[in-house]
Each structure stands twice: as C-alpha cells, then as structure tokens.
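2 protein chains.
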Amino acid sequence: MRLSLFILAVLVAPIVVAAEPLPSWQPGATRSALLNFIEQVTEPGSVAYRPPAERIAVFDHDGTLIIEQPLLVQMVFVHERVRELAPAHPQWAELAPFAAVLAGDNEVLADMGFRGTASLVNAAQAGISQAEFRAAVSRFLDQGRHPRFKVRYPQLVYQPILELIALLKASDFRVFIVSSGGIEFIRGLSEAVYGVPREQVVGSVMKYELREDGEALEVWRKNGFQSLNAGPFKVLNIDRHIGRRPLLAVGNSDGDLEMLAYTQAAPGSLAVLLRHDDAQREYAYADDSVRVLPVAAARDWLVVSMKKDFRQVFANEDGS
Amino acid sequence: MRLSLFILAVLVAPIVVAAEPLPSWQPGATRSALLNFIEQVTEPGSVAYRPPAERIAVFDHDGTLIIEQPLLVQMVFVHERVRELAPAHPQWAELAPFAAVLAGDNEVLADMGFRGTASLVNAAQAGISQAEFRAAVSRFLDQGRHPRFKVRYPQLVYQPILELIALLKASDFRVFIVSSGGIEFIRGLSEAVYGVPREQVVGSVMKYELREDGEALEVWRKNGFQSLNAGPFKVLNIDRHIGRRPLLAVGNSDGDLEMLAYTQAAPGSLAVLLRHDDAQREYAYADDSVRVLPVAAARDWLVVSMKKDFRQVFANEDGS
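These protein sequences, in sequence, are chains A and B.
Just so we're aligned, residue 530 is where the first sequence starts under our numbering, counting upward by one.
Just so we're aligned, residue 530 is where the second sequence starts under our numbering, counting upward by one.
So here's chain A without its partners, still in its complex pose:
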C-alpha cells in the first residue's frame, strides 16, 4: 500500500501544485498565516506537526460560513414556516409574537429577543417528525431569497471560507461546524454546500422523542431545547461530540469567544476571528462583538477583515 500511495502522490502532485491555494483570499499576511498554519501542522518533522487523527477544525456557522444579516437565515425560515402554518391558526393574527411575523415587523421581533420569540421557534420547528422537518428546511433553502441580494441563501456563503474548508480537508483535517443554530437546519446545507458530513455538525438541539408507527420508529421534535449550543456550551459540546481539542477555530462574534480561547490552548493551534467590516459588499457590524475583539487583540488571534482579506465574498458571484 505504501508504494502504491507513493505512486498515486507522484501522479497527482503536479495537478495539486498547479492550483493556487485560497484564490479568493487577498495575498498578504492573513492568507500567509493560514497557509503557514496548515503547513506547520502537516509537515512531518515540524515542531507543530500533528498526525491526521488529531487534525480537527471547528467553524462557527452564522456570519462565519453564511450571511446572517439582516436576519439569521434560520429565523427567516422560522418566519416563513409561521406564515405557511398561519391559516390553520387564526388566533395568531392577534397573538404576540406571531402577529409581528405576520405583519412583517422585524423590529418588534428583534426587541423581543430569543426568549420572546421561543413560541415561534416551537411552532415552526416542533410537533413534526425529523423527516418532515428536513423536508421543510430543504424547501426553504430551494425557494427562499435574500431581501438585498435577491439570490437563494445557499449562494450567500463565503467563498474564501469554503476554500479554507476544502484545503483543510485536503490536508487530512476533519472539519466540524459548531453553531448556536439548529443542528438539523445546518445539516440542510452541510454536505451539499460546505462539504461537511452531517455527523460533523454540532448545533443547538430541540427536545426529541421516539414514536412508533407500526414497526417503524421515528424521531419527533418537541418544544424546547435539550442543548443550546452557545458561548461556553460550544466548548462543552465540542468535548462531548468530538472528544478532542481543535487545532483551528474560526468564529465571528462574542458567542465564539470560549471556543476560540479553548482552541488556542492547543500547541500549534490557530484561533481566527472574522470581522464583518464591508458594508458595500456585505454588512459592517464587526464592532458589535465587544467581548471578543479585545481578547483577540490581546492574545494575538488572527483577525480577518472581510474588506481587506476577501478578494471575493460570496460563492458563485458570477451567478453560476
């Protein structure tokens, strides 16, 4: 096998070398730091070398892999589902927060916060089988369009991050998505859009129950959460699900602080903070992350500017 793999490497090497790595990243210090990290981890003999089994990379989802403005994509989905289901629930027209959704009043909803809108999340995402939920997510991702960019949401993923994921996978990393978003919602995108297997998604999880339909057992979704995967819980769930401290973590907000700090403690690791600072091509709200920015500066994490470091922002900008 060793000889055969050698032959394979020789045959493939010219193709791999010919392609420029991370083409959607601007040449410069940021791109070099990413390439240098991967080289150090994968180069036998390097002090930072790690065998493939230990190469774990974790990526936040909303704002790190996909657009999250003006609303979280999953919240757009929840609103769509509420509108779809509304004819069967006439009382919603007068009932907060449903009435605000039906009136399209996103400002009122934003003021309510996560707790205030929990009933929307339950109404849109519970009381159905996991299979029905997956089908609803799939329909939404096929049909929903972003209000500003007028394209489907799977096109509003960040091309430079997709390239980084592909390069990590080619370097024998296992790439995980670790998000406060719903695990099954993200799985609707993970394989087809990000190239991340479903089992490598760690997210918030609603309560489940097992129902028997004749001989067949089905997983059903219930109101409420068994796991809210935010802040410190990202670290606890990384330990539970992955069982190993990551070598690379990429995030963009205060909710990623603990995950980045936990990753940083591994020798040879890299913590990456993506700053949304490009109002023209995307949105500029990086300064909202008041907890993580000073820590990133103090601990010398790699801070990525979308404006300066991204040559191209979204995948398929040519409309392909």
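Hints in this document: simulated from the structure, not taken from any laboratory.
Do not take every clue at face value.
As the list claims (entries may be wrong) - Here are some chain A residues the structure puts well away from chain B; computed CB gaps all over 12 angstroms:
(1) 569
(2) 600
(3) 601
(4) 623
(5) 626
(6) 632
(7) 636
(8) 639
(9) 676
(10) 753
(11) 783
(12) 835
(13) 840
Said to hold, decoys possible - Below, in silico cross-link-like pairs of lysine-lysine (DSS-like), each with a Cα-Cα straight-line distance of 25 angstroms or less:
(14) B:751 / A:736
(15) A:736 / A:751
(16) A:751 / B:736
(17) B:736 / A:736
(18) B:736 / B:751
(19) A:698 / B:698
(20) B:836 / B:679
(21) A:836 / A:679
By construction, the Cβ of each residue, glycine as well, lies at the ideal position given by its N, Cα and C atoms.
The hints should help you fit chain B onto chain A, whose structure is shown.
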C-alpha cells in the same frame, strides 16, 4: 484523480483479493449474509446501492465489541478508582455502596443496581478535569486484568467484530460506537483498539462545566448525567450525533432493541444480534435478553451465535 485512483486500484487489487474477508468468522450463512449486505450496499447498480455519504454502521459496545462478564469493564474501572481513592475517604469503609467495593462484594453491588451505585460512579468519574479522567482510563486499560482470562481488557475484544469493522471501513462506511457506557471511557479504546475515531463514539455523558485556569479553559466532570444513552435514547442520540439512519446496527442485548429496530427501517439495511452462547470460550447469557430475542426472530434479523459463527473469539488469542 479518477485515472490515478484506477491505477491505485489495479496495483492494490491483487493483495485485497488474495486475503479472505472476515477470516475469524466460520464460513456459512451468517458470514455470507454480512458479506452479501456489504456487497449490495457498495455495488453500483444494485438496488440496495448507497453512496458513501450514507454508509453508516453503529455498534453497541459492551458485549458487542468487548467482554462484559463477570462485570462491565467500566464498572471494574470504577471499583479500581474507588479503591485508589479510598485512603483519602476513611468514611467509605462503613458507607454503602463504597464498603461493598472495598470488601470486593460484587453480589451486593449487583443487587443495588444502577441507582444504588450512582455514588460510586460520581466518586470515581466526577470532580476531575476531562484530561485527568482520560489519564486514569488509560492507566486502567494498561494495567487492569480480567479475573478469568488473566489478560488486559483491550485483548478481550472480539476478533470477528474487529474484522467486520475493518471491512466496513474499507467499504467506505463510517463506523460509530453507540453505547450506554461512558463516552470518554470508550474513547480510551476507540482509536487504538477498534480503529474508530473519538468523534464517532456516542455514549452516556456526565454533566460538564467549563473552568478557567488563567487563560486556559478546561472541561470538568460533574456528578450526574447529561445523557444516559440506553434503549430509545440510543436512537435519539444517533439522530442528534449522526443525523442519519444507519444501514447496519450490531447489538447484543435488550438495550439495543430500539437501535436495531430503527436501523431495520432503512431500505437494504441489516440488523444484527450477537448471542453470547459459548460458556467454554466466553460466557453464555444470551437468554437474558428477553425483549430483543423474540423481536429478532419475528423480524428476521441476523442472529449471530458466538459458539457457531466465531472461529476465533478474542483478538490476539496467540498472545501477541
């Protein structure tokens, strides 16, 4: 890449073909059913063909991968830890269930059941960092010896099951261990002994908390469980952790009933029940599984007899 892989296949094929698959299984209907299942799933054009992304296999742990008599291996570890820690806890000499452990009275402990011995589990496995716990598991697996077979526990894993796992991996399956045992205890064996990555272990999970030690964040283990992965909860945690219905499930007891039934509902899937019926080479307690045996018979699951179907029981029986 396609051509290169073809060349690799041609170079390697003679070696692969030369080796008999599943050599520790007796030739016959059981072994043929396993080989036929793998062939049907992997053969392009077969009605049961599934692309690699969908090839998920789940294995129970205790009694399916490793010996579980006369005591669960993890319970032996818990008792060892209690004996180690006892000098710092003189009150344990008079306190149930600790006194029974210190007196070596396994019958009293067995009568107490899981609830009665919860304080042992907490004393042995909580109040320490995850890193300390991993080190303790590793020491135990290096040193502990089975009372009857007088060898280390990692040698008392079932060679035919190891061969099945290796064949599944070579057939582009991802293999998961799904156990009511502790997730971190099983991870002490998963990579080195079973060839299963740490992130492909799903088990019971104690409560965790995040502690800050200077800049470094560490996961600490607390009393009690956040997840008890038994019976129907195996299915719910398969859905949470893997996000896909398995094609193959292998178990040996009533606690695997729901996992086997859930798997069976996938087209082209296989549910396998291992019967411990070989008192001479291992133990005979298959008939304790009163719930799962009639279901396996009624639904035509593949029932494996250790006595008839295993040519060799344990790995390294030659003492290597």
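Legend entry - Pairwise hint evaluation, residue 736 (chain B) against residue 751 (chain A), where the allowed Cα distance is 25 angstroms at most: holds, 22 angstroms
Legend entry - Verdict on residue 600 (chain A) as a residue remote from chain B, using beta-carbon distances over 12 angstroms: holds, 25 angstroms
Inset, instruction - Decide, holds or violated, for the assertion that all CB atoms of chain B are farther than 12 angstroms from the CB of residue 636 (chain A). - result: Check passes; 34 angstroms lies beyond 12 angstroms.
Legend entry - Interface exclusion of residue 840 (chain A) relative to chain B, criterion Cβ beyond 12 angstroms: Consistent with the label, residue 840 (chain A) stays out of reach of chain B, its closest Cβ about 26 angstroms off (over 12 angstroms).
Inset, instruction - Take a quick look at residue 601 (chain A) and tell me if its Cβ sits farther than 12 angstroms from every Cβ on chain B, holds or violated. - result: Given a closest Cβ separation of 20 angstroms, the condition holds.
Legend entry - Given pair status - residue 698 (chain B), residue 698 (chain A), alpha carbons within 25 angstroms: Satisfied, since the Cα-Cα distance of roughly 18 angstroms is no more than 25 angstroms.
Legend entry - Interface exclusion of residue 676 (chain A) relative to chain B, criterion Cβ beyond 12 angstroms: holds, 30 angstroms
Inset, instruction - Take a quick look at residue 623 (chain A) and tell me if its Cβ sits farther than 12 angstroms from every Cβ on chain B, holds or violated. - result: holds, 36 angstroms
Legend entry - Given pair status - residue 751 (chain A), residue 736 (chain A), alpha carbons within 25 angstroms: holds, 5 angstroms
Legend entry - Proposed proximity, residue 736 (chain A) with residue 751 (chain B) (alpha carbon, max 25 angstroms): Cα-Cα ~22 angstroms, so holds.
Inset, instruction - Please confirm whether residue 639 (chain A) is truly not at the interface, meaning its C-beta sits more than 12 angstroms away from all C-beta atoms of chain B. - result: It holds; residue 639 (chain A) is separated from chain B by about 29 angstroms at its closest Cβ, greater than 12 angstroms.
Legend entry - Agreement of residue 836 (chain A) and residue 679 (chain A) with the hint, judged by alpha carbon distance not exceeding 25 angstroms: Cα-Cα ~21 angstroms, so holds.
The structure is consistent with each of the numbered hints, conforming to all of them.
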